[in-house]
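Taken in sequence, the protein lines are chains A and B. Just add 354 to wherever you are in the first sequence, counting from 1, and you've got the working numbering. Just add 1 to wherever you are in the second sequence, counting from 1, and you've got the working numbering.
Heads up, a few of these hints could be off.
To be verified - Sample of chain A residues facing chain B (criterion: CB under 7 Å; computed from the structure): (1) Ala407; (2) Lys430; (3) Pro440; (4) Leu444; (5) Gly448; (6) Glu534; (7) Thr607.
What the hints assert, rightly or not - Computed cross-link-like contacts, EDC-like style, restricted to lysine to aspartate or glutamate with a CA-CA straight-line distance of at most 16 Å: (8) A:Lys430 x A:Asp420; (9) A:Lys570 x A:Asp420; (10) A:Lys430 x B:Asp238; (11) A:Lys570 x A:Glu587; (12) A:Lys570 x A:Glu591; (13) A:Lys430 x B:Asp237.
Since the hints were made in silico from the structure, they are not lab data. C-beta: ideal position from N, C-alpha, C; glycine also.
Listed below are the residues making up each chain.
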Amino acid sequence: MVSQDRLRADRVTLGYERKTVSTDLSLAVPDGSFTVVVGPNACGKSTLLRSLARLLRPAAGEVVLDGTSIHRMPTKEVARRVGLLPQTALAPEGITVGELVARGRYPHQNLFRQQSDADRRAVADAMDATRVTDLAAVPVDELSGGQRQRVWVAMALAQETGILLLDEPTTFLDIAHQIELMDLFARLHAQGATLVAVLHDLNHAARYATHLVVMKDGAVVARGRPAEVVTAELVEEVFGLPCLVIPDPLAGTPLVIPRGSAHTAAD
Amino acid sequence: MTGVRVATTPGAARRPPADPRRRSRVAVAGLAVAAVLLALVALGLGDYPLGVVDVVRALVSDQGFATTIVTEWRLPRVLVALAFGAALAVSGALFQSLTRNPLGSPDVIGFSTGSYTGVLVVTTVLGTGTLGVSAGALVAGLLTALVVYLLAYRDGVQGFRLIVVGIGVTGMLHGVNVWLLLRAKTEVALAASIWGAGSISLVGWSQALPAFAVLVVLTPLVWALRGPLRQLELGDDAAGSHGVRVEASRLAVVVLGVALIATVTATAGPIAFVALAAPQIARRLAGSAGLPLVASALTGAVVLLAADVLAQHVLPTALPVGVVTVVLGGAYLLALIVQEARRRW
Numbered sequence: 355m356v357s358q359d360r361l362r363a364d365r366v367t368l369g370y371e372r373k374t375v376s377t378d379l380s381l382a383v384p385d386g387s388f389t390v391v392v393g394p395n396a397c398g399k400s401t402l403l404r405s406l407a408r409l410l411r412p413a414a415g416e417v418v419l420d421g422t423s424i425h426r427m428p429t430k431e432v433a434r435r436v437g438l439l440p441q442t443a444l445a446p447e448g449i450t451v452g453e454l455v456a457r458g459r460y461p462h463q464n465l466f467r468q469q470s471d472a473d474r475r476a477v478a479d480a481m482d483a484t485r486v487t488d489l490a491a492v493p494v495d496e497l498s499g500g501q502r503q504r505v506w507v508a509m510a511l512a513q514e515t516g517i518l519l520l521d522e523p524t525t526f527l528d529i530a531h532q533i534e535l536m537d538l539f540a541r542l543h544a545q546g547a548t549l550v551a552v553l554h555d556l557n558h559a560a561r562y563a564t565h566l567v568v569m570k571d572g573a574v575v576a577r578g579r580p581a582e583v584v585t586a587e588l589v590e591e592v593f594g595l596p597c598l599v600i601p602d603p604l605a606g607t608p609l610v611i612p613r614g615s616a617h618t619a620a621d
Numbered sequence: 002m003t004g005v006r007v008a009t010t011p012g013a014a015r016r017p018p019a020d021p022r023r024r025s026r027v028a029v030a031g032l033a034v035a036a037v038l039l040a041l042v043a044l045g046l047g048d049y050p051l052g053v054v055d056v057v058r059a060l061v062s063d064q065g066f067a068t069t070i071v072t073e074w075r076l077p078r079v080l081v082a083l084a085f086g087a088a089l090a091v092s093g094a095l096f097q098s099l100t101r102n103p104l105g106s107p108d109v110i111g112f113s114t115g116s117y118t119g120v121l122v123v124t125t126v127l128g129t130g131t132l133g134v135s136a137g138a139l140v141a142g143l144l145t146a147l148v149v150y151l152l153a154y155r156d157g158v159q160g161f162r163l164i165v166v167g168i169g170v171t172g173m174l175h176g177v178n179v180w181l182l183l184r185a186k187t188e189v190a191l192a193a194s195i196w197g198a199g200s201i202s203l204v205g206w207s208q209a210l211p212a213f214a215v216l217v218v219l220t221p222l223v224w225a226l227r228g229p230l231r232q233l234e235l236g237d238d239a240a241g242s243h244g245v246r247v248e249a250s251r252l253a254v255v256v257l258g259v260a261l262i263a264t265v266t267a268t269a270g271p272i273a274f275v276a277l278a279a280p281q282i283a284r285r286l287a288g289s290a291g292l293p294l295v296a297s298a299l300t301g302a303v304v305l306l307a308a309d310v311l312a313q314h315v316l317p318t319a320l321p322v323g324v325v326t327v328v329l330g331g332a333y334l335l336a337l338i339v340q341e342a343r344r345r346w
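One chain only, chain A, in its complex shape (with noise of 0.2 Å):
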């Protein structure tokens, strides 16, 4: 089976100087999908991430990017299509917003053409759709950690790719900054972007997703809509943790609701 989507991974083996972390792992990103990845520590989700956007080459397999092995095309060309917002990024001392949103222009740039129109356009769009053109003065330093996370998505949008894959992008922030920034996601998706998220949170994952890839082991254990892949049965396997699962009274996906020690016994 030859899958048409421009992303994806062709049973791939990933890992670490001796660890394998997954074996003839294979998945497809359906192309403007809002897909989520979720799954319990260690379960290879990031490691498959990092393979998507280069990082990580596989021992075996291939990641393919429209039609052409990932390790076969040049760097700059991959990253003309393909943007990351890693999990752990450094912010340079006294760099401002405008300076670390415009070095995602760098794909875009050689040695001899440094900042062109179409950079400077870029580096404002990018600023708007997440909000942080009034800072772009700013020192990073003196940003909050939710500003700090817009602004490099921000450096992720400027780069103008089709396809961007987020690292655990919430995980610092505080419910609000969470849901702010899903919602930001979820704005980006709708304006044509495939998006693949490593997500912690399973009532995120199955609200914003379209597309969910549940991971254990290394391997892909359920995929398909949220509605059709989060049960019950499916968060015990795969987490270890005994659940109810409702229909989320507004969006009406589904909504896991964990029992704890003090409400399994009474069941």
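Using the hints, position chain B against chain A.
Frame of chain A, contents of chain B only:
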């Protein structure tokens, strides 16, 4: 390939971002002027003092004896101070940027010490001449870098591990150096120690020109790396996702940084402090994010020339410039530590 085009909010308040490049340009221009003025003053200093106007006249037209003094005696030393200061500073900026740490300077992580070991081996064991000294410094500096790089390598090289390994290797090489000096004949050890202090007083045109040639070759290569270097400041993953070949770029930065400092060390001996401090001074002057290469080069040039003028003319006995920079470096390190301490407690 169409990218994500994001709808622009109409009427959004768009404050034009303040141009951080302006301050950086002013700093670069100021440093360049300072370097030229300092050079003109330095060319006039000595047993046969000349005013700035006389120096300029001696440079542009043949003024007989004055021209001989200025161009044959003093100009090599001044140009060497400027060029070597710039090379050391750029080497420091490359390594500090790579390790993301102001201590990740090539003189701190062992490359100068390694060069000194090479010189000691050449002079005290093999007993060859000046060409051997340069070759020994160069080869040993590169070998030290290779050893540090390989010892620090684990699925790629991380800045902090490079520093720690480098400091460890420096310690071991110090021991080797002392041992080599102790077992050598007194006069050989004395000559080696003079080189070990770092001096540009004995550098004439014949030593300076090969070093200049190497630096001229290295400059465009460093220039070509500044883009990847800037992206690497954002972290390996961000840089990689922007299309930087992270390990290859890092290796190139290491090779160029070592080549720069080894060229200087082979000719003048280990000169401390410039690589450590100049990039940090330049960053504060230019108000830039990350370490600015051009401003660092100019700062290094000014600092080393100033230190050499101080060593040669101001102090009661002429000292090797390396001694002056070591003292300045000690003061700078103390200031850095005090500043850190103030910020934390």
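Now the hints, each set against the structure:
no., hint, verdict
1, Ala407, "holds, 5 Å"
2, Lys430, "holds, 4 Å"
3, Pro440, "holds, 4 Å"
4, Leu444, "holds, 4 Å"
5, Gly448, "holds, 5 Å"
6, Glu534, "violated, 16 Å"
7, Thr607, "violated, 24 Å"
8, A:Lys430 x A:Asp420, "holds, 15 Å"
9, A:Lys570 x A:Asp420, "violated, 28 Å"
10, A:Lys430 x B:Asp238, "holds, 14 Å"
11, A:Lys570 x A:Glu587, "holds, 14 Å"
12, A:Lys570 x A:Glu591, "holds, 9 Å"
13, A:Lys430 x B:Asp237, "holds, 15 Å"
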